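The hints should help you fit chain Y onto chain P, whose structure is shown.
There are 2 protein chains.
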Amino acid sequence: MVLQPHPAAIAQEPLIESGDGHVIGIDIGGTSLRLALADSSGSIVAKWSGSTAGTCDARAVVELILRGVDQVLRESCLPHSALRAVAAGAPGITDVDAGVVIATSYLMGWRNVPLRSLLESALGIPAAIDNDVNLAALGESRAGAAIGIRDFVFLAVGTGIGAGIVLNSALFHGTKWTAGEIGYMVVPGATEEPAERDQPGALESVAGGEGIKNEWRRMWSKDKTALPRDLSATEIFDSAVNDGDPLAQIILQQSARTLAYAIYNMSLILSCPLFVLGGSVGLHPALCSATHTILQQRSARSLPQVKPSALGIDAQITGAIRLALDVALARSERNLPK
Amino acid sequence: MVLQPHPAAIAQEPLIESGDGHVIGIDIGGTSLRLALADSSGSIVAKWSGSTAGTCDARAVVELILRGVDQVLRESCLPHSALRAVAAGAPGITDVDAGVVIATSYLMGWRNVPLRSLLESALGIPAAIDNDVNLAALGESRAGAAIGIRDFVFLAVGTGIGAGIVLNSALFHGTKWTAGEIGYMVVPGATEEPAERDQPGALESVAGGEGIKNEWRRMWSKDKTALPRDLSATEIFDSAVNDGDPLAQIILQQSARTLAYAIYNMSLILSCPLFVLGGSVGLHPALCSATHTILQQRSARSLPQVKPSALGIDAQITGAIRLALDVALARSERNLPK
Numbered sequence: 008m009v010l011q012p013h014p015a016a017i018a019q020e021p022l023i024e025s026g027d028g029h030v031i032g033i034d035i036g037g038t039s040l041r042l043a044l045a046d047s048s049g050s051i052v053a054k055w056s057g058s059t060a061g062t063c064d065a066r067a068v069v070e071l072i073l074r075g076v077d078q079v080l081r082e083s084c085l086p087h088s089a090l091r092a093v094a095a096g097a098p099g100i101t102d103v104d105a106g107v108v109i110a111t112s113y114l115m116g117w118r119n120v121p122l123r124s125l126l127e128s129a130l131g132i133p134a135a136i137d138n139d140v141n142l143a144a145l146g147e148s149r150a151g152a153a154i155g156i157r158d159f160v161f162l163a164v165g166t167g168i169g170a171g172i173v174l175n176s177a178l179f180h181g182t183k184w185t186a187g188e189i190g191y192m193v194v195p196g197a198t199e200e201p202a203e204r205d206q207p208g209a210l211e212s213v214a215g216g217e218g219i220k221n222e223w224r225r226m227w228s229k230d231k232t233a234l235p236r237d238l239s240a241t242e243i244f245d246s247a248v249n250d251g252d253p254l255a256q257i258i259l260q261q262s263a264r265t266l267a268y269a270i271y272n273m274s275l276i277l278s279c280p281l282f283v284l285g286g287s288v289g290l291h292p293a294l295c296s297a298t299h300t301i302l303q304q305r306s307a308r309s310l311p312q313v314k315p316s317a318l319g320i321d322a323q324i325t326g327a328i329r330l331a332l333d334v335a336l337a338r339s340e341r342n343l344p345k
Numbered sequence: 008m009v010l011q012p013h014p015a016a017i018a019q020e021p022l023i024e025s026g027d028g029h030v031i032g033i034d035i036g037g038t039s040l041r042l043a044l045a046d047s048s049g050s051i052v053a054k055w056s057g058s059t060a061g062t063c064d065a066r067a068v069v070e071l072i073l074r075g076v077d078q079v080l081r082e083s084c085l086p087h088s089a090l091r092a093v094a095a096g097a098p099g100i101t102d103v104d105a106g107v108v109i110a111t112s113y114l115m116g117w118r119n120v121p122l123r124s125l126l127e128s129a130l131g132i133p134a135a136i137d138n139d140v141n142l143a144a145l146g147e148s149r150a151g152a153a154i155g156i157r158d159f160v161f162l163a164v165g166t167g168i169g170a171g172i173v174l175n176s177a178l179f180h181g182t183k184w185t186a187g188e189i190g191y192m193v194v195p196g197a198t199e200e201p202a203e204r205d206q207p208g209a210l211e212s213v214a215g216g217e218g219i220k221n222e223w224r225r226m227w228s229k230d231k232t233a234l235p236r237d238l239s240a241t242e243i244f245d246s247a248v249n250d251g252d253p254l255a256q257i258i259l260q261q262s263a264r265t266l267a268y269a270i271y272n273m274s275l276i277l278s279c280p281l282f283v284l285g286g287s288v289g290l291h292p293a294l295c296s297a298t299h300t301i302l303q304q305r306s307a308r309s310l311p312q313v314k315p316s317a318l319g320i321d322a323q324i325t326g327a328i329r330l331a332l333d334v335a336l337a338r339s340e341r342n343l344p345k
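Chains P and Y supply the protein sequences, listed in that same order. Offset between the first sequence (1-based) and this note's numbering: plus 7. Offset between the second sequence (1-based) and this note's numbering: plus 7.
A couple of the hints might just be wrong.
Calculated pairs, DSS-like style, for lysine-lysine (alpha carbon to alpha carbon, straight line, at most 27 Å) [to be verified]:
no. : chain 1 : residue 1 : chain 2 : residue 2
1   : P       : K231      : P       : K220
2   : P       : K183      : Y       : K314
3   : Y       : K220      : Y       : K314
4   : P       : K220      : P       : K314
5   : Y       : K231      : Y       : K220
6   : P       : K314      : Y       : K183
Facing chain P, from chain Y, some residues (calculated, C-beta under 10 Å) [said to hold, decoys possible]:
no. : residue
7   : A197
8   : A269
9   : L277
10  : P280
Taking CB as the label site, the calculated pair distances span [said to hold, decoys possible]:
no. : chain 1 : residue 1 : chain 2 : residue 2 : range
11  : P       : N175      : Y       : E199      : 29 to 39 Å
12  : P       : W227      : Y       : V248      : 43 to 53 Å
13  : Y       : S124      : P       : L310      : 29 to 39 Å
14  : Y       : I51       : P       : L310      : 37 to 47 Å
The hints are simulated quantities; they were obtained by calculation from the structure and are not laboratory data. Keep in mind it's a predicted model, so treat the numbers as computed, not measured. In this text, a Cβ means the ideal position worked out from N, Cα and C, and glycines have one as well.
Isolated chain P (complex conformation):
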């Protein structure tokens, strides 16, 4: 597929200063794809999003990306030649060196998808890929809640739970590219039964969005709460804070305690002073505040700080933009002698 730039974009070409350039950052999710065009300072110029629901084929996702890139360039009156690099976050285990998404969850079901080369072929510019939570950590590290912090952990609490780990100011991936896949962590309050493959892990069964919903349904009865049996994790947290609902408060405390144990264990292992909470559930102020309170009760030893994400839902895409800028810079430095 060849990208056809809009005629208006071609007419604007002289506006692009020589040596300047733009990049594309992409956040590929199980249900939606978010894409942003950013200038060389990392500022977002235009955004686009599309649905990936039911899209299992990686080539279909790349076609969606081409549509989005076309759209943001058109909106910004920029030609395709203004693009220097692209980076994408994938919702699964990603071999950054090989540029391959090794595996995603059942939602997309990818196995060994050479996403980097698919992007490079389709867009004709250098590409890089990483796990989406890792890119969120990179975003917070460069432009969010963790600027200047050498060692920290970004905790994405959404449907499940994952961590992006920055050590010595660089993303840490681990031998099998699975560092931070903590959904299966075993802590008190979570089940000790081994989880089946593709089932939620022990930690996320209590503190992840899907797990919180399930716990609510499991514990729900009419004499315990006046609220309905079907509520999302954030609705439960809202009710705990705004309505003082007793069952919602129990669920909030249970999730926060489990999350606090996970944070405490990671802080012992990594000696890291900061944990940034993100993801649709992790961004709820009640969870962050309750987790912080439980951690403070935990130990007389030096405690890690727990902060909400500064970038919110833009954390992943900001990280993707920063990674794309790194790629563009490395490429221009390699081309300097020319």
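Just chain Y, lined up with the frame of chain P:
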């Protein structure tokens, strides 16, 4: 204090080839100090040990070291001028950059001891220091069970529990030099009550040597076991294996399960494929084997390997020797232009 080499050692000086050299590796423990002289290939030429029981003063420890150095040089008929560098492992939190032992346990009670400069002044050669468990990890990495492994964890199970973490083929220390201080880790089966400062942590209360002894005493009764109430952790493990004592088997399984949870959690966080068990309790084959079995039951996901230390009680001192050789090499490379 100036070291007085033995006259016999001076007489042997011509035996030392120009450019050759030896180093000293030291393992400072709460009750004993072990010291070794090694040649430039890292092979141990002579060993010495002394008691640190009741020795709280760092200067007294350095005097003990001087006695040991004198002794191993004399035994090996080497002059003091054969020494290129020294490295020591301390049983506490160690700022490697500053060369300062920040804190040790109550046994020695050190606070902010500038051990590196004390060693350099006393011995007149370059020195380096690190935490003792970190040096054991370095030893296993260079000359033991983890040669060629990029990411792994050395678990020292002795009186308490600590970990030395090697990531990207280098020791990882963390922001506060406390990476791997996992004795307080919270896992199912360990108490959820916050521990007091200077008290054993949750994990080591169940799986550390002192904790295992205490658990035995707590659960002991005449109708449960024919064994005495006062047994060490390794004696309990021996009885579990050799005599099939039912209470000893319960204690062994309980310790192994808790240790397996800790290993499992670390393997998720760090994506690291190997855990090496060391320390006086960790070296017991029954613990390693039971832990491995429980881990295998744990998960269908890729499991870390659990191996016994290849260096045994020499792990720390081997790491110290390797660190000293690194220091000597760096120094000789800096001096190359001369």
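So, going through the hints one by one against the coordinates:
As the CA atoms of K231(P) and K220(P) are separated by approximately 16 Å, the hinted pair is consistent with the 27 Å bound. At roughly 19 Å between alpha-carbon atoms, K183(P) and K314(Y) fall within 27 Å of each other, so this suggested pair holds. In summary, the hint linking K220(Y) to K314(Y) is supported, as the alpha carbons are separated by about 24 Å, within the 27 Å threshold. Straight-line distance between C-alpha atoms of K220(P) and K314(P) comes to about 24 Å, which keeps the hinted pair within the 27 Å bound.
With a C-alpha separation of about 16 Å, the suggested pairing of K231(Y) with K220(Y) holds against the 27 Å cut-off. For a cut-off of 27 Å, the pair hint linking K314(P) to K183(Y) stands: about 19 Å separates their Cα positions. The interface hint given for A197(Y) holds, since its Cβ lies 8 Å from the closest Cβ of chain P, which is under the 10 Å cut-off. Residue-level restraint check for A269(Y) holds (minimum Cβ-Cβ distance to chain P is 9 Å; threshold 10 Å).
Because the smallest distance between the Cβ of L277(Y) and any Cβ of chain P comes to about 6 Å, under 10 Å, the interface hint for this residue holds. Proximity of P280(Y) to chain P holds as hinted, the smallest CB-CB distance being about 5 Å (cut-off 10 Å). Checked against the hint of 29 to 39 Å, the C-beta distance between N175(P) and E199(Y) comes to roughly 32 Å, which is consistent with it. The hint said 43 to 53 Å for the Cβ distance between W227(P) and V248(Y), and at roughly 49 Å that hint holds.
Between S124(Y) and L310(P) the Cβ separation comes to about 31 Å, which falls inside the hinted range of 29 to 39 Å. The hint said 37 to 47 Å for the Cβ distance between I51(Y) and L310(P), and at roughly 42 Å that hint holds.
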